[in-house]
Amino acid sequence: MKIWDNIKISFTNLRKRKLRTFLTSFAIAIGTMLIVSMVGLGVGLKDMVIKEIKQQTSVTQIYVMPYRQMKTVNVNLTEEDLKKAEEEKANSYKKITEEDILKIKGIAEVDDIQSVISTRITYTQLNGKKSYANKGMGFDLNYSVFTKAEIEKVRVEKNDNSIQPIIAGRNLQKGDINAVVVGEKYLKAMGFNDYNAVLGQEIVINCEISQFPGAPAVTPFTGKAVIVGVVSEEFSDYADSIIMPIEMAAAIQGYYNSNPSYYKEKGPDNLVVQAKSLDDVKKIADEISKMDFTVQTYQSVVDEVNKMFNIFEGLLAVGGLVVLFVASLGVINTMIMAIYERTRSIGIMKAIGASKNTIRRIFLMESGTLGFVGGVIGVILGWMTTKLLGFALNQYLKSQGNSAVDIFSMPIWLTLGGLAFAILISVIAGLYPAARASKLDPIEALRYE
Amino acid sequence: MIEIKNVYKIYHMGKEKVAALDGVSLSIKKGEFISIVGHSGSGKSTLMNMIGGLDRPTEGSIYVDGCDIGKLKDNDMAKYRNKKVGFVFQSFNLEPSYTAAENVAMPLMFAGVGERKRKRIANEALKLVSLDKRGKHKPTEMSGGERQRVSIARAIVNEPEILLADEPTGNLDSKTRASIMSLLRDLNKNKGYTIIMVTHNMEDAQYADRIIKLRDGLIEGVVANENLG
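Line by line, the protein sequences give chains F and A.
In terms of the numbering used here, the first sequence opens at residue 1 and continues consecutively.
In terms of the numbering used here, the second sequence opens at residue 450 and continues consecutively.
What the hints contain is simulated information worked out from the structure, not anything from laboratory work.
Everything numeric in this text was worked out from a predicted model, so none of it was measured.
A portion of the hints provided could be inaccurate.
DSS-like cross-link-like pairs, simulated, lysine-lysine; straight-line CA separation at most 25 Å [claimed, not checked]: (1) LYS2(F) / LYS478(A); (2) LYS528(A) / LYS8(F); (3) LYS439(F) / LYS466(A); (4) LYS479(A) / LYS454(A); (5) LYS2(F) / LYS528(A); (6) LYS533(A) / LYS520(A); (7) LYS8(F) / LYS454(A); (8) LYS94(F) / LYS84(F); (9) LYS148(F) / LYS54(F); (10) LYS266(F) / LYS94(F).
Pulled from the structure, derived: some chain A residues nowhere near chain F, Cβ distances all over 10 Å [stated by the list, open to error]: (11) LYS464; (12) SER476; (13) LYS576; (14) SER579; (15) ASP581; (16) THR589; (17) GLY594; (18) SER628; (19) LEU632; (20) ASN639; (21) LYS640.
Cβ atoms here follow ideal geometry from the backbone N, Cα and C, with glycine treated the same way.
Taking the hints into account, I'd like the entire structure generated from these sequences.
Right under this line is the structure:
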């Protein structure tokens, strides 16, 4: 028998008993609706949280620390253990060399790279004004200062594609020596509002080591540089900092550590490696781990969130599953009723040449069709439910002065999956009745009144 | 063509054994018209169901064109019923929700024939039973005689070699009965169908070439019909 005939027969048979077909498939529809809308809620919430994480932190970033891979971590926090841990940390220091950076940059999935030394400045002087406790950020100008991903992130966050990191003057360039870029917030705090006016001005950077009484006096560090640009305050990581070539930051760190060849010995504090996409993060992190550096990513956070929500979705789907299970009992009942009604017809079909398989297929197709009808209704109901609830929620949020959210998600896999699941459950429910129908003795069946 | 060799059919009724067929041997030639007569419980329907592949002998064999059909697998048995034999029932056994043409086409559907071809063949079969104008009607809109013609058309649609008729006129009045019987006779004489008919109407039995009398699961007598030329 051709599959098309099989489908036609089942629709014809189900049409003969419209009310029963409707009631049976409506039970399936409710189960499907619950599964689709509940999983939709789970998926929507997950997407929302992950989007939030992606906005908060650069999930595509990989931080490379100048330490070997930590082997064992002692959890007994005795004083000795702590001492040992300190020692181990000191012993495990591994300078990130120029070659290392080039090697990492050479990994195909790496989009961009920053080589950074962070430092603190005791006070800065600009145009006769003083500002205390500033943050200094040194960048290796052979690599990036602002990565594409950082700029993109701010643009997505502010929903403005024209945002640029530098709002006056220019960015630091390869070859700059005594040049700095300053943050907008830093300038505002000092009372400068005309950013173009500060360009070309000299900034004095002063660093001091706290003096203990009786200890030999250490001469303060003083550096001078020219301001070449201003960073927009939208870039919050940079907005209150003095951004300088890495050599300058290294000189300050060298002063604090009383080590004039600090940079040569220690290298950068860390690298920020930008992956081309979230999927590449793990591969790059593995690659760098092989070079025996300590690596930090946000991938694990995203993984954890994913895992949590998968459990959550599962819990939400359980309600729908229970309803579908009950609905499947309805399918079994309906199909067994159909066998009683059509016993004679089964006998005729067998007498004129339908095999056991054909009879089984006819009944399985029929129960599958019940599932299909129920699944379609369920998916439509589920879709309407999520739209309605989403609309009501957003109306409420708006009335409370909040911005709208999208907590229901109805991806195509969920729609098709819900439908497929309804069909599957019904076909499984039809297995027993179909087997029973196929096993009917044709002679008995033909005698049946 | 059909060789029935020492066939038994034994049913267990509780602890008792009942023999519906108690050692029947019979051979039927191609193109023969046989009627099987006997009281109810004589085993005539059991014998016919076995020839039709709806039942299997407890013992003995039935050879059709040299093939022991009692030993066929379920699937092959279904194919045998589909291609080799056609059933005509006393109560017509048509699907009430299908049209006459759809009813006739059903065996073709199980044979995997496509819809368009099915329609064409079904209409030809309906023409053979002079019902080509009634193909779109449902059985409920037809008279008993017409229904039996539809049922006969369904039996021959796959061009089987053997027609099995189980009291085909049992539900018909005497006028229609004669027309159905002459249709069967015509199919036998002009189209070459081998026909095996179960009846307890001796008038109908006279249409056959041979009359087999069954009693208590045994052949009581075989009468060659000399009334027919």
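Structure-based check of each hint:
{"no.": "1", "hint": "LYS2(F) / LYS478(A)", "in the structure": "violated (35 Å)"}
{"no.": "2", "hint": "LYS528(A) / LYS8(F)", "in the structure": "holds (22 Å)"}
{"no.": "3", "hint": "LYS439(F) / LYS466(A)", "in the structure": "holds (24 Å)"}
{"no.": "4", "hint": "LYS479(A) / LYS454(A)", "in the structure": "holds (17 Å)"}
{"no.": "5", "hint": "LYS2(F) / LYS528(A)", "in the structure": "holds (15 Å)"}
{"no.": "6", "hint": "LYS533(A) / LYS520(A)", "in the structure": "holds (16 Å)"}
{"no.": "7", "hint": "LYS8(F) / LYS454(A)", "in the structure": "violated (43 Å)"}
{"no.": "8", "hint": "LYS94(F) / LYS84(F)", "in the structure": "holds (18 Å)"}
{"no.": "9", "hint": "LYS148(F) / LYS54(F)", "in the structure": "holds (15 Å)"}
{"no.": "10", "hint": "LYS266(F) / LYS94(F)", "in the structure": "holds (8 Å)"}
{"no.": "11", "hint": "LYS464", "in the structure": "holds (21 Å)"}
{"no.": "12", "hint": "SER476", "in the structure": "holds (24 Å)"}
{"no.": "13", "hint": "LYS576", "in the structure": "holds (20 Å)"}
{"no.": "14", "hint": "SER579", "in the structure": "holds (22 Å)"}
{"no.": "15", "hint": "ASP581", "in the structure": "holds (21 Å)"}
{"no.": "16", "hint": "THR589", "in the structure": "holds (14 Å)"}
{"no.": "17", "hint": "GLY594", "in the structure": "holds (20 Å)"}
{"no.": "18", "hint": "SER628", "in the structure": "holds (23 Å)"}
{"no.": "19", "hint": "LEU632", "in the structure": "holds (19 Å)"}
{"no.": "20", "hint": "ASN639", "in the structure": "holds (23 Å)"}
{"no.": "21", "hint": "LYS640", "in the structure": "holds (19 Å)"}
Violated hints, in rising order: 1 and 7; the structure is consistent with all others.
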